[in-house]
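Residue numbers (this note's numbering), protein chains in the order written: chain U, 5 to 376; chain X, 5 to 376.
Treat the hints with caution; some may be incorrect.
Identical chains blur together in the list; that is why a pair holds if it fits in one copy or across any two.
Below, a list of computed lysine to aspartate or glutamate pairs in the DMTMM-like style, where the Cα atoms sit at most 20 angstroms apart [stated by the list, open to error]:
{"hint": "1", "residue 1": "Lys367", "residue 2": "Glu189"}
{"hint": "2", "residue 1": "Lys361", "residue 2": "Asp167"}
{"hint": "3", "residue 1": "Lys326", "residue 2": "Glu189"}
{"hint": "4", "residue 1": "Lys326", "residue 2": "Glu281"}
{"hint": "5", "residue 1": "Lys367", "residue 2": "Glu79"}
{"hint": "6", "residue 1": "Lys157", "residue 2": "Glu244"}
{"hint": "7", "residue 1": "Lys6", "residue 2": "Asp371"}
{"hint": "8", "residue 1": "Lys179", "residue 2": "Asp107"}
{"hint": "9", "residue 1": "Lys326", "residue 2": "Asp201"}
{"hint": "10", "residue 1": "Lys344", "residue 2": "Asp42"}
{"hint": "11", "residue 1": "Lys361", "residue 2": "Glu211"}
{"hint": "12", "residue 1": "Lys62", "residue 2": "Glu247"}
{"hint": "13", "residue 1": "Lys62", "residue 2": "Asp304"}
{"hint": "14", "residue 1": "Lys213", "residue 2": "Glu189"}
{"hint": "15", "residue 1": "Lys157", "residue 2": "Asp144"}
{"hint": "16", "residue 1": "Lys367", "residue 2": "Asp98"}
Hints listed in this document are in silico derivations from the structure and should not be mistaken for laboratory results. Computed from a predicted structure; not experimentally measured.
Protein chains: 2
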Amino acid sequence: MKPLQQPVIGILGGGQLARMMALAGYPLGMRFLFFDPDPQACAGQVGPLITAGYDDTKALDEFMREVDVVTFDFENVPVSTVRYVQQRRAVYPDPSVLEISQDRLLEKRFFQKLGLPVGQFFPVNSYSELAFGAKSYEFDALLKTRRMGYDGKGQFRITPGADLKSIWEQARGRKLVLEQRVPFEREISVITVRDADGQLSQYAVTENKHNNGVLATSTAPARYTDSCQLAKTHARTIAEALEYVGVLVIEFFETPDGVLINEMAPRVHNSGHWTIEGALTSQFENHLRAVCGWPLGSTDSWGYAAMLNWIGSVPNIACMPKQAHIHHHLYGKTPRAGRKVGHTTITAEDPANLQRKVVNFAKQLSDSLGKL
Amino acid sequence: MKPLQQPVIGILGGGQLARMMALAGYPLGMRFLFFDPDPQACAGQVGPLITAGYDDTKALDEFMREVDVVTFDFENVPVSTVRYVQQRRAVYPDPSVLEISQDRLLEKRFFQKLGLPVGQFFPVNSYSELAFGAKSYEFDALLKTRRMGYDGKGQFRITPGADLKSIWEQARGRKLVLEQRVPFEREISVITVRDADGQLSQYAVTENKHNNGVLATSTAPARYTDSCQLAKTHARTIAEALEYVGVLVIEFFETPDGVLINEMAPRVHNSGHWTIEGALTSQFENHLRAVCGWPLGSTDSWGYAAMLNWIGSVPNIACMPKQAHIHHHLYGKTPRAGRKVGHTTITAEDPANLQRKVVNFAKQLSDSLGKL
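Please take these sequences and the hints and turn them into a complete structure.
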């Protein structure tokens, strides 16, 4: 692929991922145009935004006229939209990956076809299937909508005491899949970037902690286990099978018996935010490099990094003394319960110092809250 | 001064300095609005831009309505404009500094009044004054316009063979000052940041090389001499005398007899671009912190840095492999002879490695040019 010179990059979706892509691309002379149905989309603060529905072909035509290449910051952009854009502009990664990743069932079957390990699951189309499945998974399972699920949305926990009837009433009408709960020891993710010529590079494996289905913290490099190498190999298999171009993130469960794939995100990902300060090239810059046909940058780590998500509210950084190894990123979004509104990355030379800095920062935060 | 929470910052002037301020402020949740008479102003690629003349009070009213605080990226914004804005919004630094810095003669007299060393100069209002001055400075001088001079614009070199009549014909009609040329050993600059409460911090002294009056390279920390300490003290005296808020840059000539002040820039400055990667807090972030009443960040250096300006054209970075210690910054401007269109900063742990990396980079550049 011939490198695009001073490209204008169109991004479908204008959230914080689009915003951070733009901030990574501007110093490289790249320009951006965002497309989002929401006029408040936070990327619109840092570049031009077209506000229109994803089915508005007139607006999409305008969008295409202005850009050299297209990518997305949201895996639930309708495939029909991306296919329409692809008639006139190169789109990376290819929309075919969206067809898979937008449907949990197709996604799991895709991993199985590649011979990769996934947890037990089966599709649920009726109450009796739900009841049967719940029983066969010993009432330790998750009922998930096949489509439009992210950040723990569209999930129902099945426990021995759960009211299956009530869950069914809430969930019915949507395509569903029941997943046996995996008794995992750790959640890890692998951030892979692949360019159009097949060059592939992977960041240090990241360890993730979730609260209520929403990512709370990521640390990298994760404590090394055999599973880390296995996870990287699986991620490579997936990226190559898809002939993927851009950043692809695969989430895994680490269990006593090895790793199971949880899901994939065909885009830059929250668990890769630490790469802004913690890696030689951020996931955002490398995604843009891949999409524009530029040579990739090194994915090596500088040291150790911990990323903390701000959900629902942000700390009052205007009053905090700046510390050299603490990097705040606010997204300019209106705070709202459950909403990702920013993150902070703490960097250190080794895991012990990282731990110490995280504890100090937490203490400082609670002190400053006490003063408010 | 009470810290502004998630402020909207208005910037008069929308060039690369405004652009880099915005890129520094976005991760902190700051928002920006640029004001520039040029619809192509390059900051407009990274945020909203009002295009109007500096005397367009209706447009200025609109600008003021949208912002919490105002600063500028260009010292030749008309003082009347900034005074008008100041009636309704806080402006930092105070416009009084523009009145001084916009006139070379007032500026030099201001430094003299503070007891600080400047080179020989005198105002020129007629051909006979020019002829007299040229002779008394032994035909080794510079005739400069008092106003609107930057990047070597509005300067005439006086040498023994110079055609004074012709120079006078070109220069007359403007207010002029004749400066004896200083036989300097080095040009250095001091980047000072001061907040509204009087806290003041200074970056490592920077060594600058110019080509045809335009900054070509800056390296920092400069090789240490007694002059460096003296320059820092003078810069502090100036910032405190002005009760300055924001980043203030003072350029000095280092001579065998000590330092002489060349000029000041009441804004972030090209010789401070190395601070983006070379210091714990960039000049852009610290300027914003001062302007918004936030605590300043450390001005300590990470190591050694060299900044190379791209003037007239930029290297083809789309084809270059990314290197971890080489940081490109393109401004999105249309290349034109003599125009600053980008810069590259190279960082290293020590001066010897820095030198080696700069040489390698230059070789790589000339190789890539050979391939075009």
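(request) Report the numbers of all earlier hints that the structure fails to satisfy, in ascending order. (result) 1, 2, 3, 5, 6, 12, 13 and 16
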